[in-house]
Amino acid sequence: MAEAALPGSNSSAAAGARKAVQDLNAPLWRNVLFVSPYLFFFVTLLVVPLFWGIWLSLHKADAFGTGRFVGLDNYFRLFRDKIFLQVVGNTFYFVLLTVPALAVIGLLLALALNRNTRTAAALRAVYFASSVLSVTIVTLIWRTVFIGNFGLLATVYGWFGATAPAFLSDPTLAMIGIAIATVWWCIGLPMMLFLSALQQVPREIYEAASLDNASRWRTLWHITLPSIRRTFVLVIIIEIVLQFQLFGQAWLMTKGGPNNASKPIVLYIYEATFIKWDLGLGAAASEILFILIMIAALAQYFISRRKGEEG
Amino acid sequence: MTLTLRKYMLAAASVLAFAATTPALAATELTVQRFFGACDAEFGTNTDASKAVGECGIITSLINKFNADNPDVHVSVTTVEWPGYDQLTAQFAAGDPPDVVTVHHSVLGDYQSRGLLMPLDDLLNSVGISPSDFTDASLSGVTKDGQIYGLPIDNWTMLFHINMDLFKKAELVNADGTPKLPTSVNELMAQAKQFKEKTGKPYFVQNLANEVALYTRNLYTYLFQQDSDFFADPKQVKLNTPEAKKVLEMYKAIYDNDYTTKDMDYAASINAFLAGEGGVHLNGTWVIGDYNASSETAGTALNAGGYAVYPYPQLFPGKKAQYADGHSWAVSQKDRTPEEAAAIGKFLKFFNDNDFEWSRTGHLPAVKAVLESENFKALPHRDTIAAVATLGTPLPSTVQRQFAIQDIIGQEMNAAITGQKQIDAALADMESRINELLANI
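So the protein lines, in turn, are chains A and B.
Letter 216 of the first sequence, counting from 1, is numbered 216 in the numbering used here, and no numbers are missing.
Letter 245 of the second sequence, counting from 1, is numbered 1245 in the numbering used here, and no numbers are missing.
Among the clues, some could well be false.
[Unchecked claim] Listed next, with one range per pair, are the computed distances between beta-carbon atoms:
#1 B:Ala1387 x A:Leu133: 46 to 52 angstroms
#2 A:Gly89 x B:Glu1372: 54 to 60 angstroms
#3 A:Phe41 x B:Asn1435: 20 to 26 angstroms
#4 B:Ala1298 x A:Leu133: 37 to 43 angstroms
#5 A:Ile295 x B:Gly1044: 25 to 31 angstroms
#6 A:Leu133 x B:Ala1275: 25 to 31 angstroms
#7 B:Ser1076 x A:Leu189: 37 to 43 angstroms
#8 B:Gly1200 x A:Phe150: 16 to 22 angstroms
#9 B:Ala1253 x A:Tyr301: 54 to 60 angstroms
#10 A:Gly89 x B:Asn1435: 21 to 27 angstroms
#11 A:Phe69 x B:Ala1090: 21 to 27 angstroms
Hints in this document: simulated from the structure, not taken from any laboratory.
The model shown is predicted, which means the values in this text are computed figures rather than measured ones.
We put the beta carbon where it would ideally sit given N, CA and C, even for glycine.
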């Protein structure tokens, strides 16, 4: 405003001031300075690697240099590779195992712990506690539970003379074992999101319902659940995006085995790049994963935008 | 007054600067990266390697001793999870590799072919180490394109580690007290059956879960014993063969008849063997020291009837052989000052001079003089495993990505042996996946 008025005389000062008021919403390019630190890291750490990744996926490359341009050959190789198709299937299966479980268990915990008692507060902390652990600790704990002969599960089954299910080495159970560890680890976030949503439901509605003698089930079904519908969708989408990126649990619990039965896409990318030194193939697989996650992220964007319009 | 104060401040600053730079001038920093595990709680301050047991204890103590004996060099150690090559590859890609790193002989070629390792001929020569000092197996393991790319510290192979108490109960002991080992596949099956009937326990303790290396080494050994030249062309493997099928059928029969432990990972299998859960543990030379120590401790399962260790039995009528590999210290390729190069030379010379201490792990020494020494021959069980010096056979050194190949073979063998896949399908997939990998190097 002051700068806009500077060049003019007294008579033009008023016009200048008016002009400045009119231009209040006009872009001031020096404000770019405020966002430039963020933009710098966003571009160097996200945008450049994104396009570099696409560029690499079109090359025959290893970790020590970009080789020759091969066009879409790496993508053709991926879709001819039975293991890659298997890991895409595995990843979807894992998302299917974990996301509904996280949403439903998170909701049930939130409903149970949404009260102002000390016990509820303590239990909220307990259920959230697993989320602060690192993946290494989580998998160490669950390996101790699952490992054959010496594990907790094997010991408990042993008391009854039974054989424990082999969650780490049975191809039909390996992914389920990883899913159990993941749900235990990740349950804190959905529970907290549901709790915050539940606390935003106006008290008056519940008071009105109780005046009308509505049963607890009717209150839950007709008031609580419709009120937190959007949070439910949000939790589902956040968890889909997160669980698509499964890596640490599978790597540390089963190494993707037995025979690739619990190998997710990120582990395939890791193996292609760092074990086979086939960086081009790893980059191509990353782009496929990027597209899958982008679809989920776009869904989140459209749903949250619709919420804004309605609100 | 102000002038005096300024003088004092300048003097103090000079002293501080001198103190800060002096250690850097005095000690050349050397970054060393190794596997073999972490055991600082037990051996973190021990400098007497002769008092240490096992790979981790001995290597930790040796490096402690090197640091204590050489105040002009400071070795800082990064311990990586075995085998650590994913991390090493990333470090090379980022231009930040360690100076000295443990590398298997079978893997040296991957890094050497990309110009990432320093040829060591001149450096070894400068500290008085001659290639003729090494055993033939070690020298050929570290020689690529006519040059030496690692200081060999050992050769290793897989062995039959035997719980003699259970073997006695199973009546699988010869008149001279040695264990009865099979000479054919049929005999192996008969002995495993007898073992199970007499002891109620499985003949083998194997780590079949989360595992690829054991399967692969077993396959290589029994293919060598059938004279199968599966890597005649280092760029194209032939594994969909009757010989490979025989090996997989044998291991599947062992699995189906419960002659082996199941669902165990590596750590669990070691615990199981030490707890007397089975007769024969298929594991490498590196556990001899630990198992021998256990057998000398009263009250342990191995103390009850003794511990014995033998090379894999010859089950097929071909060449007498079993798969072997070795460990070496490799040096990353980068510009170094003469002091830094000298420090590396000193470190390598130290390990070469202490090869006997390292051979107490159970590995075969890389230094010929140590292998032939009375001290080495006097170590426990070396008489029964001496044959591995001649039996040990590596893959051709021109075969690249041997650890990636190991992953593929292990995955497919696991699927075939545990019945998730037909043996023919597993062998066909194994072969095509490896050839796809090798075609894209």
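Results of checking the hints against the structure:
no.: 1; hint: B:Ala1387 x A:Leu133: 46 to 52 angstroms; result: holds (49 angstroms)
no.: 2; hint: A:Gly89 x B:Glu1372: 54 to 60 angstroms; result: holds (57 angstroms)
no.: 3; hint: A:Phe41 x B:Asn1435: 20 to 26 angstroms; result: violated (43 angstroms)
no.: 4; hint: B:Ala1298 x A:Leu133: 37 to 43 angstroms; result: holds (40 angstroms)
no.: 5; hint: A:Ile295 x B:Gly1044: 25 to 31 angstroms; result: violated (51 angstroms)
no.: 6; hint: A:Leu133 x B:Ala1275: 25 to 31 angstroms; result: holds (30 angstroms)
no.: 7; hint: B:Ser1076 x A:Leu189: 37 to 43 angstroms; result: holds (39 angstroms)
no.: 8; hint: B:Gly1200 x A:Phe150: 16 to 22 angstroms; result: holds (19 angstroms)
no.: 9; hint: B:Ala1253 x A:Tyr301: 54 to 60 angstroms; result: holds (57 angstroms)
no.: 10; hint: A:Gly89 x B:Asn1435: 21 to 27 angstroms; result: holds (24 angstroms)
no.: 11; hint: A:Phe69 x B:Ala1090: 21 to 27 angstroms; result: holds (24 angstroms)
Hint compliance for this structure: hints 3, 5 are not met, and every other hint is.
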